[in-house]
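Start from the sequences, fold in the hints, and give me the full structure.
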Amino acid sequence: MAEIALREALRQTLREELQSDERVIIMGEDIGAYGGSYGVTRGLQEEFGEERVRDTPISESAVVGCGIGAAMGGLRPVVELMTINFSFLAFDQIINNASKLFYMSGGQINVPLVIRMASGGGAQLSAQHSHDLAGWYAHVPGLKVVVPSTPYDARGLLKTALRDQNPVIFIEHTALYGLKGEVPEEEYSVPFGQAQVYRPGDDVTIIGYSGSVHQAARAAETLAERGVDAEVINLRTLRPLDIDAIIQSAKKTGRVIVVEDDWRFGGFAAEIAALIQEKAFDYLDAPVARVCGADVPMPYAKPLETAALPSEDEIVRVALAMV
Amino acid sequence: MTTTRTRARNQTELLDLLRQMMLIRRFEEKSAEMYARGRIAGFLHLYIGQEAVGVGATAAVRADDYIVSHYRDHGQALARGLEPGAIMAELFGRTTGVSKGRGGSMHLFDVSRRFMGGYAIVGGHLPLACGLGLACKQLHTGNIVLCFFGDGAVNQGEFHESLNLAAIWRLPVVFLCENNLYGMGTNVRRVSAEPDIWKRACAYNIPAEQVDGMDVLAVRDLVRKAVDHARGDKGAYFIEAVTYRFRGHSMADPELYRTKEEVQKWRENDPIVRFRRLLEERGALDEKRFQQMESEIEQIVEDAAAFAEQSPHPDVSTLYEHVYKE
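In order, the protein sequences belong to chains U and Z. Residue numbers for the first sequence follow my numbering, beginning at 2 and rising by one. Residue numbers for the second sequence follow my numbering, beginning at 5 and rising by one.
It is worth saying that the hints were derived from the structure and are not from the lab. Among the hints, erroneous ones may be present.
[What the hints assert, rightly or not] What the simulated footprint calls covered on chain Z by chain U, stretch by stretch (three residues with Cβ under 8 Å from a Cβ of chain U suffice, anywhere in the stretch; the number is not a length): (1) 128-136; (2) 168-180; (3) 204-218; (4) 227-241.
[What the hints assert, rightly or not] Ranges between beta-carbon positions, derived for each pair: (5) Ile59/U with Glu285/Z: 42 to 48 Å; (6) Leu276/U with Glu306/Z: 48 to 54 Å; (7) Asp20/Z with Glu48/U: 36 to 42 Å; (8) Glu272/U with Ala256/Z: 32 to 38 Å; (9) Pro192/U with Asp237/Z: 38 to 44 Å; (10) Tyr324/Z with Asp22/U: 27 to 33 Å; (11) Gly40/U with Asp200/Z: 44 to 50 Å; (12) Ile59/U with Ser321/Z: 41 to 47 Å; (13) Tyr324/Z with Gly267/U: 22 to 28 Å; (14) Ser321/Z with Val198/U: 57 to 63 Å; (15) Leu276/U with Asp237/Z: 51 to 57 Å; (16) Ser321/Z with Lys280/U: 22 to 28 Å; (17) Gly40/U with Val320/Z: 46 to 52 Å.
Backbone N, C-alpha and C fix where the C-beta goes; we use that ideal spot for every residue, glycine too.
This is the structure in structure tokens:
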């Protein structure tokens, strides 16, 4: 096993799929000559040519729509959007077309399309470049929503995404592109809808996805020093959601904290809390807690940005108050 | 001998164009009747008046070329050869409908005929046409995409993004604007800085022309030229077909925004009456033949309505089918 960065793990899968399947194409702003704004696609245009690794104009809606049409016409497109905030320009295409076509055509047209987008705060990119809005996409039937947190997951989940017959929203946290981890050199896939027990524990469950898995894991180390044994669940995909894994852990520990960068009000953490109270109410020793982003547009100034994002300290504080 | 045979074939083709327009007209009249009787719900946008555009354009493409359309899509679907009964059943919301009762009037689909759907977000399907074009080009299938949209679509961002994309990637897409002069109840002149819609394509270096959308042969011939251009790897082509809908925007439209005189003026330019007269002048059609066609079409439409009426409603147990493909 080699230790590689998450961006390289993604690139490995993209390269394998470009090699093995003629129908695979990648489209996005500055993914070719520039190498991708986060370096994921670096070198792929030189290797596979401008037709298969296509630089696009800044036209998110048309590019995503073009990806949908290309999928309808027999290609296996991957569209890269620079940030999740830009994906809102393509919201019409993603929601009104990609997610609904299979249904409204009575099962005639499926859309095997992967839309990759960078997400998450922490780099002082302020209000229009920094949100983690995975929960918004998870709200939509017809979409699958993938939120990797490690290079191993990123490589394996992207493989599954590229073999799926449905539109997949693949969300990459900007703070994790450089994160290194062990990744097998041979091909493998990580299935959708199977959460991972990232760290086993008995006293409290901390559920995270994307960047928050690492915050949860660090908080768990601090909690261990205080004698609290925390279990960390890495969701991997929000839709499909591994409800069984969540409920199993909730029943075991009786205390659950959900961590996400997204806004607290109406967020995905609330959905998880609702599911737990529906399915494990009698096992709970405390109300399900949420550690989320502050309900503000992301500020620029460092102290404000830090305060707007969930922190390990907050997770620890909430956990200690529960046990 | 050859000339005679060619003439005969041409005559059959011309009569078929007339027959298709008549079928659309009668089908739409029947739809309106079924809507009034509560058999059809939701929005119902009739194609009456615009028949020459859908029929002429569809006649100019191959059976394996793609067609993408807007929410006023019954006419193009019928011209493409979708079963009238299955279309009517879709309007009725029955399982035998072309989209199994999931789509309704605005979302007719038949992939087996490469009819890739009617779309109800104005302008939202233009990027899909680009993508289908990209697939044709990249997979070297030799096919093209015919994309219908209305005058309302041309002020949407997706229209401009799509034209630009089609031009820079030289995509085999024929953009066909059905300019019926009104986006719902708003005259195109009130909301378009350049009401000559074809001129907008010039900004994207796409060849563009305007055509009389009430003249089925003119539409067919221009679309043929555009299709040849696209199939010849010369990229996209843009056509503005100037037409008129004789009925309201939808069945819910009280038509307060235009005068009866204006509608009457356009009705005098009825594409079916015009084409019938032309065929009669050419000796390709007489009163007897026309009446025979009328009664055949009457039967097809009656059968379609009966088929829809007799078809089962979707079972509620199938509500969650077709959300995801396994």
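Verdict for Gly40/U, Val320/Z (Cβ pair) under range 46 to 52 Å: holds (50 Å)
Taking the CB of Ser321/Z and the CB of Val198/U, does the distance hold inside 57 to 63 Å? violated (36 Å)
At a Cβ distance under 8 Å, does chain U reach at least three residues of the segment 168-180 of chain Z? holds (count 4)
Given a hint of 42 to 48 Å, does the C-beta separation of Ile59/U and Glu285/Z actually sit inside it? Violated, at about 54 Å.
CB-CB spacing for Asp237/Z and Pro192/U relative to the 38 to 44 Å hint: holds (42 Å)
Per the hint of 32 to 38 Å, is the separation of the Cβ atoms of Glu272/U and Ala256/Z within bounds? holds (37 Å)
Given a hint of 44 to 50 Å, does the C-beta separation of Gly40/U and Asp200/Z actually sit inside it? Given about 46 Å between the Cβ atoms, the range holds.
Using the beta carbons of Ser321/Z and Lys280/U, state whether their distance is inside 22 to 28 Å or not. holds (24 Å)
Range hint 36 to 42 Å: satisfied by the CB atoms of Asp20/Z and Glu48/U? Check failed, 51 Å falls outside 36 to 42 Å.
Confirm or reject the claim that Ile59/U and Ser321/Z have a C-beta distance inside 41 to 47 Å. holds (46 Å)
Could you say whether the range 22 to 28 Å given as a hint is met by the Cβ separation of Tyr324/Z and Gly267/U? holds (24 Å)
Cβ-Cβ distance between Leu276/U and Asp237/Z: within 51 to 57 Å? Given about 53 Å between the Cβ atoms, the range holds.
The structure shown violates the earlier hints numbered 3, 4, 5, 7 and 14.
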